[in-house]
Amino acid sequence: MVEKVLKGSPKYYLWLLFLLGIIGYAFVVYVFQLMYGLEQTGLTRNTSWGFYIAQFTYLVGVAAAAVMLVLPATFHHYHPYHRVIVFAEFLAIGAVIMCMLFIVVDMGQPQRVLNVILHPMPNSVMFWDATVLCGYLILNAIIGWTSLEHESRHVEVPKWIKVLVVVSIFWAFSIHTVTGFLYAGLPGRHYWLTAIMAARFLASAFCAGPALLLLGLLLVKRLSGFDPGKKVVKSLSITIAYAMGLNMFFYCLELFTSFYSGIPGHADPIVFLFCGHEGLNVWVTGWMWAAVVFAFVSIFFLAIPKFRANMKILPWALGMLIIATWIDKGLGLLIGGFAPTPYETYEVYTPTFWEISVSLGVFAVGALVVSILWKIALEMKKEGGEPFALAD
Amino acid sequence: MYNAKFVIPGAIIFVGLFTAPFWTNVFSAKHEAVKLELPQKPVTFFGEERTQCIEPREWMAANHMEMLIEWRDKALRENKRIYVATDGRKWETSLQNTCMACHTNKAEFCDKCHTANSVSPYCWDCHVEPQGNK
Amino acid sequence: MKASRRYFLKVAGLSTFAMAAGAAKADAAYEGYSEGLKAKRWAMVIDTRRFQKPEDMLPIIEACHKVHNVPSIKGPKEIKWIWDDTFEHAFANDPNPMLPEDVEERRFFLLCNHCTNPSCVRVCPPGATYKTEGGLVAIDYHRCVGCRFCMAACPYGSRSFNFKDPRPFVKEINPAYPTRMRGVVEKCTFCAERLEKGLMPACVEASNGAIMFGDLNDPNSIVRRVLAKNFSMRRKPDLGTDPGVYYII
Chain E
1 MVEKVLKGSP
11 KYYLWLLFLL
21 GIIGYAFVVY
31 VFQLMYGLEQ
41 TGLTRNTSWG
51 FYIAQFTYLV
61 GVAAAAVMLV
71 LPATFHHYHP
81 YHRVIVFAEF
91 LAIGAVIMCM
101 LFIVVDMGQP
111 QRVLNVILHP
121 MPNSVMFWDA
131 TVLCGYLILN
141 AIIGWTSLEH
151 ESRHVEVPKW
161 IKVLVVVSIF
171 WAFSIHTVTG
181 FLYAGLPGRH
191 YWLTAIMAAR
201 FLASAFCAGP
211 ALLLLGLLLV
221 KRLSGFDPGK
231 KVVKSLSITI
241 AYAMGLNMFF
251 YCLELFTSFY
261 SGIPGHADPI
271 VFLFCGHEGL
281 NVWVTGWMWA
291 AVVFAFVSIF
301 FLAIPKFRAN
311 MKILPWALGM
321 LIIATWIDKG
331 LGLLIGGFAP
341 TPYETYEVYT
351 PTFWEISVSL
361 GVFAVGALVV
371 SILWKIALEM
381 KKEGGEPFAL
391 AD
Chain U
1 MYNAKFVIPG
11 AIIFVGLFTA
21 PFWTNVFSAK
31 HEAVKLELPQ
41 KPVTFFGEER
51 TQCIEPREWM
61 AANHMEMLIE
71 WRDKALRENK
81 RIYVATDGRK
91 WETSLQNTCM
101 ACHTNKAEFC
111 DKCHTANSVS
121 PYCWDCHVEP
131 QGNK
Chain P
1 MKASRRYFLK
11 VAGLSTFAMA
21 AGAAKADAAY
31 EGYSEGLKAK
41 RWAMVIDTRR
51 FQKPEDMLPI
61 IEACHKVHNV
71 PSIKGPKEIK
81 WIWDDTFEHA
91 FANDPNPMLP
101 EDVEERRFFL
111 LCNHCTNPSC
121 VRVCPPGATY
131 KTEGGLVAID
141 YHRCVGCRFC
151 MAACPYGSRS
161 FNFKDPRPFV
171 KEINPAYPTR
181 MRGVVEKCTF
191 CAERLEKGLM
201 PACVEASNGA
211 IMFGDLNDPN
221 SIVRRVLAKN
231 FSMRRKPDLG
241 TDPGVYYII
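Chains as they are written, first to last, in our numbering: chain E, 1 to 392; chain U, 1 to 134; chain P, 1 to 249.
One chain only, chain E, in its complex shape (with noise of 0.2 angstroms):
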């Protein structure tokens, strides 16, 4: 199976080697931050948390996205998905694997990761949330593998993958309720002690992860002719539109407990984010308006029928979503949660050079992760004879 990896055009290769240039960087960089510590970062006393941490939050939810494929397929028959899940369980293996890699590059000392698991804690989200990916990691990578394989030789797929299949959906809602568990059981941090944490992330969750998925598979079909099918088109747009719409009424709730209440701890940190602070020169405010815009411009297009089903619209649709989920997790979140600070007072963090460089080597590590996996997973439905082209 491995051996596919390595057949492949020219085309292919310099992906990898792109990617690999790019780790490469990265690396270099991570050296510099690992010999001098985590000073050339924007982080600060008052915001402990930046950009790593935002992108290790955005990829769990990317990971946990497979369950809306997995889900369908395995409790209500929906067959169409069969032909694709292999690909949502090895984008949640690239995304589960980049988590852990967001993880150990925000640390003070990585070379102590283990201590997680000498003494553990129970009491500490942290210890679970690290357990869960983990676990998750492993159940993707048994089920995406064996299933790939059976299938490719036209076998049934045993009975103890099926169970692992049911295991895998529940566990899927429980990384990202988990990761939500990260940032709600807080006091003090009023962005994030809401009930409603663990639900918006899960529903900005189910609307990026099936995005990125669906404009990957559009890429495959063009690339190497693999139609995912307009089924599958179809009924992962309509889910996408769902969960998009859920997320955004989510933000919504926030907004009226935060504004009808009057409650400067609940409207504070909105307010940073949207409006800025007394003047205060708040980079993050442009980004989180332009997510607004993004927003409403992709869910108009992916609700109404017409446009959703027009594949001139539906990738920038989905890309719109994509980012306006990005920013609102991956930028606002953590500007917003630690805004303003235990003092009230405000500052701006700014995500530096060294910050980005890095998590651009994590994220081409995550690309290469899922290149590879998915260059095998179109090699191996070639050789069991799955058709590429679909009539319908």
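It cannot be assumed that every hint is accurate.
Said to hold, decoys possible - Computed list of lysine-lysine pairs in DSSO-like fashion (alpha-carbon distance at most 30 angstroms, straight line):
#	chain 1	residue 1	chain 2	residue 2
1	P	236	U	106
2	P	38	U	5
3	U	74	P	66
4	E	230	E	306
5	P	38	U	35
6	P	197	U	106
7	P	40	P	236
8	P	40	P	66
9	U	80	U	30
10	U	80	P	131
11	U	112	P	164
12	U	80	P	40
13	P	236	U	80
14	U	5	U	41
15	P	131	U	90
16	U	106	P	66
17	P	74	P	38
18	E	221	E	11
19	P	38	P	164
20	U	80	P	38
21	E	7	E	230
22	U	90	P	164
23	P	171	U	106
24	U	90	U	80
25	P	66	U	90
26	U	74	P	197
27	P	40	U	90
28	E	11	E	230
29	P	38	U	74
30	E	159	E	312
31	U	106	U	41
32	E	312	E	234
33	U	74	P	236
34	E	306	E	231
35	U	90	P	38
36	U	41	P	236
37	P	171	U	90
38	E	312	E	230
In case anyone wonders, no lab produced these hints; they're calculated from the structure.
Mind docking chains U and P on chain E? Use the hints.
Relative to chain E, chains U and P alone:
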């Protein structure tokens, strides 16, 4: 055997390389024990001048790292900052204020052995070595 | 004595070959200092009426930072164990635009509150920060992985992170106390190492009686006697952390 003319020489080369450290050791000059600088001057602990180490020398050489880890956990987590040695003498559980009160020469004591054994403990990233060393 | 010593040496010799951690244990015991100060629940009372200007506070801050080798790093990545700020910032959840003039101008000491229900301890993944006897919240810098979850969890901003090697920034190293290393979180310890030797915390000692320290569970302790006679406040008590630092206004 399939491809024997490659496999057998390859295996031999691998075994040779893998066991290289043993061979170089056997055929090189005899290993010399590390010469440590042991403190001579008596130092006062708990109102008593002492020249003897906390536990016997061999035991310390073999187990000081585990003892220090135990000291750390007892002091930090259980508020027990006195170590009663096997011979009944009392010592403060402190690398900086007990061990290094006598072993003032880190370079000639700690480092020598650690270097010879190629271990690099990070004790002194935080714990301050005696000023007299510089 | 002789026999036991021979046995000890025999065990010691054997243990040289034992590689597993903890395989060797000397026949030794541990105890606390007899002069160590003990309490069920240590608490601090700061008589803020006696600190009006930053100059009043500087010697106390320096006393703490000097004895604990706290580096002086300026800017948003600073490291501090005890510092001062205004009422508005210290009691951020108690906004009052009509404060009396002297309170408005007064400076307030900020430090770790050594909470009864510390959220930092709750979130620490490897148990590097923990509660000890007497209600102190301590950090084991050896175990800290530098994830900074505790800093996000602390509603008082009491924790600092070593973004770089702090040692070059310690002006005058106190040889009796360690420094910290890059990549770990640090904060006030209520001077656990001094209490153990029968000494009061460094800030208390340097305050000429303006900062008091004692057992909150003992009705005869100085903190209880002072609190019984004066109105006091705590920072963000509504969060349920039950902070151990009281401010007499």
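Structure-based check of all given hints:
The straight-line distance between the Cα atoms of residue 236 of chain P and residue 106 of chain U is roughly 47 angstroms, outside the 30 angstroms bound, and the hint therefore fails. For the given pair, residue 38 of chain P sits about 77 angstroms from residue 5 of chain U by alpha-carbon distance, which is inconsistent with the 30 angstroms threshold. Pair hint residue 74 of chain U plus residue 66 of chain P holds up; C-alpha atoms about 25 angstroms apart against a cutoff of 30 angstroms. At roughly 14 angstroms between alpha-carbon atoms, residue 230 of chain E and residue 306 of chain E fall within 30 angstroms of each other, so this suggested pair holds.
For a cut-off of 30 angstroms, the pair hint linking residue 38 of chain P to residue 35 of chain U is broken: about 45 angstroms separates their Cα positions. Restraint check: the Cα-Cα separation between residue 197 of chain P and residue 106 of chain U comes to about 27 angstroms, which is no more than 30 angstroms; the hinted pair holds. For the hint linking residue 40 of chain P to residue 236 of chain P, the alpha-carbon distance of about 23 angstroms falls within 30 angstroms, and the restraint holds. For the suggested pair residue 40 of chain P and residue 66 of chain P, the alpha carbons sit about 28 angstroms apart, so the restraint of at most 30 angstroms is met.
With a C-alpha separation of about 45 angstroms, the suggested pairing of residue 80 of chain U with residue 30 of chain U is violated against the 30 angstroms cut-off. This hinted pair checks out: residue 80 of chain U and residue 131 of chain P have alpha carbons roughly 15 angstroms apart, not beyond 30 angstroms. Note on residue 112 of chain U and residue 164 of chain P: the hinted pairing holds, with a Cα-Cα distance of about 28 angstroms set against a maximum of 30 angstroms. Restraint check for residue 80 of chain U and residue 40 of chain P: satisfied, since their Cα atoms lie roughly 16 angstroms apart, inside the 30 angstroms limit.
Proposed proximity of residue 236 of chain P and residue 80 of chain U is contradicted: the alpha carbons are some 33 angstroms apart, above 30 angstroms. A distance of roughly 67 angstroms separates the Cα atoms of residue 5 of chain U and residue 41 of chain U; the hinted pair therefore is violated under the 30 angstroms criterion. With a C-alpha separation of about 27 angstroms, the suggested pair residue 131 of chain P and residue 90 of chain U falls inside the 30 angstroms cut-off, and the hint holds. Between residue 106 of chain U and residue 66 of chain P the alpha-carbon distance is near 24 angstroms, which keeps this suggested pair within the 30 angstroms criterion.
Using a Cα cut-off of 30 angstroms, the hinted pair residue 74 of chain P and residue 38 of chain P is violated, with the two alpha carbons roughly 36 angstroms apart. Taking the CA atoms of residue 221 of chain E and residue 11 of chain E, the gap is about 15 angstroms. The hint holds against a cut of 30 angstroms. Taking the CA atoms of residue 38 of chain P and residue 164 of chain P, the gap is about 36 angstroms. The hint is violated against a cut of 30 angstroms. Among the hinted pairs, residue 80 of chain U with residue 38 of chain P is consistent with the structure: their alpha-carbon atoms are about 12 angstroms apart, no more than 30 angstroms.
Of the supplied pair hints, the one linking residue 7 of chain E and residue 230 of chain E holds, its CA atoms being roughly 29 angstroms apart against a limit of 30 angstroms. Proximity of residue 90 of chain U to residue 164 of chain P is assessed by CA-CA distance (about 37 angstroms); at most 30 angstroms being required, the pair is judged violated. Annotation: proposed proximity of residue 171 of chain P to residue 106 of chain U holds, straight-line Cα distance about 22 angstroms (limit 30 angstroms). A hinted pair counts as satisfied when its Cα atoms are at most 30 angstroms apart, and residue 90 of chain U with residue 80 of chain U qualifies at roughly 12 angstroms.
Of the pairs offered as hints, the one joining residue 66 of chain P and residue 90 of chain U holds, with about 29 angstroms between alpha carbons and a cut-off of 30 angstroms not exceeded. With a C-alpha separation of about 15 angstroms, the suggested pairing of residue 74 of chain U with residue 197 of chain P holds against the 30 angstroms cut-off. For the given pair, residue 40 of chain P sits about 26 angstroms from residue 90 of chain U by alpha-carbon distance, which is consistent with the 30 angstroms threshold. The straight-line distance between the Cα atoms of residue 11 of chain E and residue 230 of chain E is roughly 27 angstroms, inside the 30 angstroms bound, and the hint therefore holds.
The straight-line distance between the Cα atoms of residue 38 of chain P and residue 74 of chain U is roughly 17 angstroms, inside the 30 angstroms bound, and the hint therefore holds. A C-alpha spacing of about 41 angstroms is found between residue 159 of chain E and residue 312 of chain E, which places the hinted pair above 30 angstroms, so the restraint is violated. For the given pair, residue 106 of chain U sits about 16 angstroms from residue 41 of chain U by alpha-carbon distance, which is consistent with the 30 angstroms threshold. A threshold of 30 angstroms between alpha carbons decides the hint, and for residue 312 of chain E with residue 234 of chain E the separation of about 14 angstroms falls inside it, so the pair holds.
Distance restraint check for residue 74 of chain U and residue 236 of chain P: the Cα-Cα separation of roughly 33 angstroms exceeds the 30 angstroms cut-off, and the hinted pair is therefore not satisfied. Only pairs whose Cα atoms come within 30 angstroms are accepted, and residue 306 of chain E paired with residue 231 of chain E is accepted, the gap being roughly 15 angstroms. With a C-alpha separation of about 21 angstroms, the suggested pair residue 90 of chain U and residue 38 of chain P falls inside the 30 angstroms cut-off, and the hint holds. Only pairs whose Cα atoms come within 30 angstroms are accepted, and residue 41 of chain U paired with residue 236 of chain P is rejected, the gap being roughly 54 angstroms.
The suggested pairing of residue 171 of chain P with residue 90 of chain U is violated, with an alpha-carbon distance near 33 angstroms, which exceeds 30 angstroms. For the hint pairing residue 312 of chain E with residue 230 of chain E, the CA-to-CA distance comes to about 14 angstroms; that is within 30 angstroms, so the pair holds.
Of the numbered hints stated above, those contradicted by the structure are hints 1, 2, 5, 9, 13, 14, 17, 19, 22, 30, 33, 36 and 37, listed in ascending order.
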